[in-house]
Amino acid sequence: MRWTLKPKPETHTVEALQKALHVDETTATLLVQRGITTYDEAKRFFRPSLDDLHDPFLMKDMDKAVNRIEQALANNENILVYGDYDVDGTTSVALMASYLKTRTPNVATYIPDRYTEGYGVSIQGIDFAHDNDFTLIVALDCGIKAIDKISYAKQKGIDFIICDHHRPGNDIPDAAAVLDAKQADCNYPYKELCGCGVGFKLIQALASKEGKTITDLLPYLDLVATAIGADIVPIDGENRVLAYHGLEVINTNPRPGIKAIISQVKKEQLTITDVVFIVAPRINAAGRMKHGDYAVSLLTEMDVAEAEKNAAEIETFNLDRRETDKQITEEALQQIETLKEQERFTTVVFNESWHKGVIGIVASRLTETYYRPTLVFTKSGDKLAASARSVSGFDVYNALEACSEHIEQFGGHKYAAGLTLHEANYEAFKQAFEDVVSKTIDTKLLTPEIKVDLKIDLEDITPKFYRILKQFAPFGPSNMTPVFMSDNLTDTGFAKCVGEDKTHLRLTVKQRKSLNQFVCIGFGLGDKLNVVANKTPFQAVYTIDENHWQGQTSLQLKLRDVK
3 MRWTLKPKPE THTVEALQKA LHVDETTATL LVQRGITTYD EAKRFFRPSL DDLHDPFLMK
63 DMDKAVNRIE QALANNENIL VYGDYDVDGT TSVALMASYL KTRTPNVATY IPDRYTEGYG
123 VSIQGIDFAH DNDFTLIVAL DCGIKAIDKI SYAKQKGIDF IICDHHRPGN DIPDAAAVLD
183 AKQADCNYPY KELCGCGVGF KLIQALASKE GKTITDLLPY LDLVATAIGA DIVPIDGENR
243 VLAYHGLEVI NTNPRPGIKA IISQVKKEQL TITDVVFIVA PRINAAGRMK HGDYAVSLLT
303 EMDVAEAEKN AAEIETFNLD RRETDKQITE EALQQIETLK EQERFTTVVF NESWHKGVIG
363 IVASRLTETY YRPTLVFTKS GDKLAASARS VSGFDVYNAL EACSEHIEQF GGHKYAAGLT
423 LHEANYEAFK QAFEDVVSKT IDTKLLTPEI KVDLKIDLED ITPKFYRILK QFAPFGPSNM
483 TPVFMSDNLT DTGFAKCVGE DKTHLRLTVK QRKSLNQFVC IGFGLGDKLN VVANKTPFQA
543 VYTIDENHWQ GQTSLQLKLR DVK
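The opening residue of the sequence shown carries number 3 in my numbering; numbering runs sequentially from there.
Because the hints were derived from the structure by calculation, they are not lab data.
Just to be clear, a hint being listed does not mean it is correct.
[Claimed, not checked] Ranges between beta-carbon positions, derived for each pair:
id, residue 1, residue 2, range
1, Val521, Glu250, 29 to 37 Å
2, Met304, Gly495, 54 to 62 Å
3, Gly213, Arg324, 46 to 54 Å
4, Glu354, Gln552, 49 to 57 Å
5, Lys269, Lys193, 28 to 36 Å
[What the hints assert, rightly or not] Straight-line distance between alpha carbons at most 27 Å, and here's what the computed DSS-like set of lysine-lysine pairs gives:
id, residue 1, residue 2
6, Lys214, Lys66
7, Lys156, Lys62
8, Lys432, Lys416
9, Lys504, Lys530
10, Lys457, Lys8
11, Lys466, Lys269
12, Lys358, Lys269
For glycine and all other residues, C-beta sits at the position ideal for the given N, C-alpha and C.
All chains, please: the whole structure from these sequences, using the hints.
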């Protein structure tokens, strides 16, 4: 494990912010590290306002998208809302369909089948639209590379509006409107919206035309916050505003479907982390194990009893998903050992019987184990489909682009992507991917890294400091939970391994002659007991957390590593 201490900002910048905000040096330093250097920036950070959202009409083609939808509404056209089967896609479809149904009854939804159609816009979906007299398709979280499919739709007399956030290729589809801030000629100020975020900008633009304000759209923000968390997009800029207010909706007045999921796990206040690990996997389980339509039905259902019934059904899918991904992960790890591929720069595994719905999760688990760019393949029709995951600092999308001669289709982001190829090309692709990664990756990236915000003393950790720290939330990429490092720590003499299998570490630490002591818990750090035992001084990296026990609340340190 590598510990990397972030560079300390310029002293004069920290001091100026410290003075402006009347905060301690540690808090000011953490803010400057996050790009916050003035009072006004700090105010926007700690009190995200919906007024800080950008004008949706700054996005390229937004006027075209609004005009085409208003034309459809005026002419009583049938509108099909089309989206991917993952959380971002299904929340996007739920959001857009819910809004459009306040304007017209002529709205239906379509989620492609993961197994028979695959990711993105499909011929089957377009044929469905044509056969059922839909003349406008609003595609969310997909479509930016669907050039041939959108041409096919045009021949059938169907217009497309694309709301996507994936990287465009060299050519842009010939659609009625293409909303994607990552287009080279799009001047929209914020480039990191998720698919549901782009959909929200479209309904924001439509609502403004009928005289509504951003406050009228608050009920949709539980969907947007869920998508932001699940799609692991940066939680800065507009995403921070949307996530902050979306979490408020989730915790106060969520739609019945999300409320039904939360009630199953009996958690009172959800954070973005809870959304990622509690809400998102259950929504995802529908598309993974059955069909994304189940998720859309849950998220658009307004009857509480029906929503609870839908949520219970989806929970069974989630339990199946857990069993399946556990089994496939074990088989994949065995395959790596059997083929003696532990020392490669990449992990590429394949089994035609693996469940396509969980290969992305398995790829993530393999990346955690071997920490290198990873692809998990399975059979999909007459082709192979894969999910790709990367390690911090390495762009797997670019690596796939360099292997494109072996690939039929691919798309995605820097750290996660999907692709299909012909089985005959598998071995050639596997070698090409290994060659590209081995030549381009910085070898230090193959060792897991803990990025440390600041080195502090235990006496810096006070209830007041923690109260301010909590206000840094919502946490996520570009605003991760602050990680601290302290040295000259010693155990008070009670360090022990805990948990059923004794894999976790629990101890109480003090520092030098300070009277401050903190309970520490290190999940998965049971093998480090010898580092902290016998009152030998050690260093630790950790986050600060609250421990609630028997009605008492105290601060504790969640250890990330010790040495």
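Mind listing which of the numbered hints don't hold for this structure, in increasing order? Number 12 only.
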